[in-house]
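Engineer: Modelling step: build the complete structure from the supplied sequences, incorporating the hints.
As they're listed, the protein sequences go chains U and C. Using numbering that gives the first Met the number 0, the first residue of the first sequence is number 0, and each one after it goes up by one. Using numbering that gives the first Met the number 0, the first residue of the second sequence is number 0, and each one after it goes up by one.
Worth flagging that the hints you see were computed from the coordinates, not collected in a lab. Ideal Cβ positions, reconstructed from N, Cα and C, are used throughout, including at glycine. You may find that some hints are simply not true.
Keeping only pairs whose Cα atoms sit at most 20 Å apart, straight-line, the calculated SDA-like set for lysine to any residue is [unchecked claim]:
no., chain 1, residue 1, chain 2, residue 2
1, U, 146, U, 297
2, C, 74, U, 212
3, U, 52, C, 40
4, U, 32, C, 52
5, U, 52, C, 45
6, C, 52, C, 37
7, C, 32, U, 100
8, C, 74, U, 163
9, C, 52, U, 104
10, U, 171, U, 197
11, U, 52, C, 39
Residues on chain C that point at chain U, a partial pick, calculated with CB under 8 Å [unchecked claim]:
no., residue
12, 53
13, 108
14, 275
As a plain string of letters, each chain reads:
2 protein chains.
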Amino acid sequence: MVAERAGVSQSAVSRAFQPGASVSEKTARKVRKAAAELGYRPNTLARAMASGKSRIVGLVVAYFENQFYPEAIEKLANTLQENNYHVLMFMSWDETEAPETVINDLLGYQVDGIIAASVGMTDVLTRRCEAAGIPVLLFNRHQGDDKLSAVTSDNFSGGRKLAEFLVQAGHKRIAHVAGWDGASTQRDREAGFLSGLAAHGVTLFARSCGNYHYDQAQEAARVLMRAPVRPDAIFVSNDHMAFAVMDVIRSEYNLRIPEDISIVGFDDVAMSAWPCFDLTTVRQPTNRMAEETVRILLQMIENKDMVPCRTALDGPLIIRGSSRIPVTTSANDVG
Amino acid sequence: MVAERAGVSQSAVSRAFQPGASVSEKTARKVRKAAAELGYRPNTLARAMASGKSRIVGLVVAYFENQFYPEAIEKLANTLQENNYHVLMFMSWDETEAPETVINDLLGYQVDGIIAASVGMTDVLTRRCEAAGIPVLLFNRHQGDDKLSAVTSDNFSGGRKLAEFLVQAGHKRIAHVAGWDGASTQRDREAGFLSGLAAHGVTLFARSCGNYHYDQAQEAARVLMRAPVRPDAIFVSNDHMAFAVMDVIRSEYNLRIPEDISIVGFDDVAMSAWPCFDLTTVRQPTNRMAEETVRILLQMIENKDMVPCRTALDGPLIIRGSSRIPVTTSANDVG
DNA sequence: CTGAAAGCGCTAACAG
DNA sequence: CTGTTAGCGCTTTCAG
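Structural biologist: Okay, structure coming up:
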């Protein structure tokens, strides 16, 4: 035991390893020395049990198909690590049976907080976790009722920006390939987009749904392209699906982007900047989202009875080559 | 307390929640009933401390840029979950300072085992973990000395298949865009590839290095394409870099793939099947790799003094449209 | 099959 | 600032 070797009490050892505990530098040094010699390292689990804080955050995710999630998770994990927390991963791949199991596991591990980046289970999850006094924070999604805190980007405003951009570029037949309607991102992005169109007296030309999946997005694109009159611009609800739409348009219909048709997406994942896609999109500020998520969650952990808050971070429109350029009203027009 | 409510001892409750413990069905039922009424759930952390088994596996990863990793991690996490283990994520983004920190955290959490899917730290990591008696398993990489168990695909054989395929397709100037030389995947794939070429008396036409990064792979492609004589086929060490190479070749040099130049990769990530890339590649059998990894790791956990084993799973050549088709020797030639 | 008792390794008051 | 004393919630001998 380290305490003996250092010639101090067990408490002294404990305190020597706690950030701001009251220990004399002398004692601390003795302890560190003894610890080093014995290869001792505090047992996080024992500490968790005694203190009631596990410093573990449960991260519930469903799938990594959409690149946005790996990117976000990497940042969340990093930020958490910087704050001396760690991520316990829970895959909730099966939307029917999984929630029950996942929640039991989550609760069993005494996680200090939960980040839910997954869909389809949050209602159940929430109630059970609140009952257990565990803070839950929604990442990249929110729920109808304002009971749950959530961090998202400003999907409505993003959708609006895209609409205005397309209208100003002179597009007349603007279509939408939607994601899954059950997701708040989809509803917000579409609402913002429609509102942007409406502001210019434009109505949506056509709509089909890809449910945020690559394959379904391909099919959704075909639906639009098979119509007697084709759209001249498509807003696809996320970049991942936009790639599918672009591929179909180019390889199956031999059309050029943006000459024949403009495509815009949402997320600005790394791939969107690749020459092959060069996609105009709205950037989700992943870094800031992750930082805010961690900041708020840690705050909730410290202060259990916080009022739920909803954070929507604004992201910029990133204009690239997949869309026709708006007719620029020269600045000289003014004078 | 559940024990009281069920009118049994604490031990009985404990046993009722353990898989194969000796409890009468009657007692178990009483306990389950009381537990349900009280919303009780065993505390995994307390259990971990008392039993010495945390049922947590540390997963050390470096980055998700290459799609292969998210795909693999998803499968690893799922498989582990099916076995009642969970994944504690450790990002080792900073290769200098991180290892020390990561290892301390890892050891502090009393993980039962470690899966290292990351590079650059395994030497240090290994020794310390072995000292602590924690099994370490390398995923998608191995080390020179045979001290460490590892699960990979058969990278040598995969490289060889690609070489033979390109030679048979009639390519004369075959180049290689390499990944990071410090990675065993790179060394094995290249060795297999060279051996495949050699078997047909062919030597490598040119080589440049992309270090497994998209940006560097673009530059590596430019190096090859700027040469006075260009290659007519390129083996890129992974799909992720192959996308970069294809993009450069098409968008900066206006060449067609595969008419002007064939491209082949390695991994078969989901994107490789997208029409836009349609990449010929060697599939890493991610599912089987994840299953083997978990199987072996759990075995190591149960049986601490196992001899290290190295598993290399064979993956098929997936022929798609990014490469010229080999001249088929008609089956009728035989007779 | 079951209960009693003794910890797992640490933190958290509480005196001093 | 430091040591003492209790546990955190479970598993585990060991009797019975």
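Engineer: All hints are to be evaluated individually against the structure, with a verdict given for each.
Structural biologist: Each hint, compared with the structure:
1. U:146 to U:297: holds (18 Å)
2. C:74 to U:212: holds (19 Å)
3. U:52 to C:40: holds (17 Å)
4. U:32 to C:52: violated (29 Å)
5. U:52 to C:45: With Cα atoms ~12 Å apart, residue 52 (chain U) and residue 45 (chain C) stay inside 20 Å; holds.
6. C:52 to C:37: Not OK: residue 52 (chain C) and residue 37 (chain C) at ~26 Å, beyond 20 Å, violated.
7. C:32 to U:100: Holds: residue 32 (chain C) and residue 100 (chain U) sit about 18 Å apart, inside 20 Å.
8. C:74 to U:163: violated (41 Å)
9. C:52 to U:104: Holds. Residue 52 (chain C) to residue 104 (chain U) sits at ~15 Å (cutoff 20 Å).
10. U:171 to U:197: Roughly 13 Å separates the two Cα atoms, so the pair holds.
11. U:52 to C:39: holds (19 Å)
12. 53: Holds, because the Cβ-Cβ distance from residue 53 (chain C) to chain U comes to roughly 6 Å (cut-off 8 Å).
13. 108: holds (5 Å)
14. 275: Holds: closest Cβ of chain U sits about 5 Å from residue 275 (chain C), inside 8 Å.
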